[in-house]
Amino acid sequence: AQKVTQAQTEISVVEKEDVTLDCVYETRDTTYYLFWYKQPPSGELVFLIRRNSFDEQNEISGRYSWNFQKSTSSFNFTITASQVVDSAVYFCALRTGGGNKLTFGTGTQLKVEL
Amino acid sequence: DAGVIQSPRHEVTEMGQEVTLRCKPISGHDYLFWYRQTMMRGLELLIYFNNNVPIDDSGMPEDRFSAKMPNASFSTLKIQPSEPRDSAVYFCASSPRTSFYEQYFGPGTRLTVT
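Respectively, the protein sequence lines represent chains A and B.
Counting in my numbering, the first sequence runs from 1 upward without gaps.
Counting in my numbering, the second sequence runs from 1 upward without gaps.
Looking at chain A on its own, in the form it has when it is part of the complex (with noise of 0.2 Å):
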């Protein structure tokens, strides 16, 4: 069975500051993905990130990276100097190699504040 464990339910930051959000994944199957999804205040979900199991190298893009840590288990998600725009829920997801559903985390609830 797959699972995503998102343990941060709510992180609240000032404006201009790093955050990381984490993510922890379960899964017996060598080959996966990994994703990274953020629901805005108007409730869409927007993919952010995929990451597959082979490819550990982490990832910039612009003010957001991504840590993909194998041994750990995790795929960690960090915003520089975060703005009141990157206000939202942010969803970690797994998707197993054979399949198509994906496994949802219970997401962080990130408050940017001025």
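The set of hints was computed from the structure by calculation and includes no laboratory data.
Mixed in with the good hints, there may be bad ones.
To be verified - Computed from the model, here is a short list of chain A residues facing chain B with C-beta under 10 Å: (1) Leu45; (2) Phe47; (3) Arg50; (4) Tyr64; (5) Lys101; (6) Gly105.
Stated by the list, open to error - Chain A is nowhere near these chain B residues, computed Cβ spacing over 12 Å in every case: (7) Gln17; (8) Ser27; (9) Ser58; (10) Phe65; (11) Ala72; (12) Ser95; (13) Glu102; (14) Arg110.
Claimed, not checked - Anything over 10 Å on all C-beta distances counts as not near chain B; from chain A, calculated: (15) Ala1; (16) Gln8; (17) Ile11; (18) Val14; (19) Glu15; (20) Glu17; (21) Asp18; (22) Thr27; (23) Trp66; (24) Ala88; (25) Phe91; (26) Thr106.
The beta-carbon is built from N, C-alpha and C at its ideal position, and this holds for glycine as well.
With chain A fixed as given, assemble chain B onto it according to the hints.
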């Protein structure tokens, strides 16, 4: 390019009534997914289709729920009869053929059953 389209965006109905939610996936996508999001249970996969054929409906709560995909550009999720506990946001998502591609979500339908 148009994303996933869902209608209606909001639906308020009385217990016992039939509710039909609609989804138009992104053109060319072979997979279509229906999710439900509630505070208590988070994001749950209800059913998904591949090339208009239902592949996995194990997430459908009970017989009151049914989903169809009569063609590649249209799907419905029907609840009959509706109950207050069905109140949730229902998302439709689609993805291309290859399994590792991310799912693109529609804006969701917020259903309230009174």
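Notebook entry, point to check: Going through the earlier hints one by one, which of them does the structure break, listed in rising order?
Noted result: 4, 9, 12, 13, 14, 25 and 26
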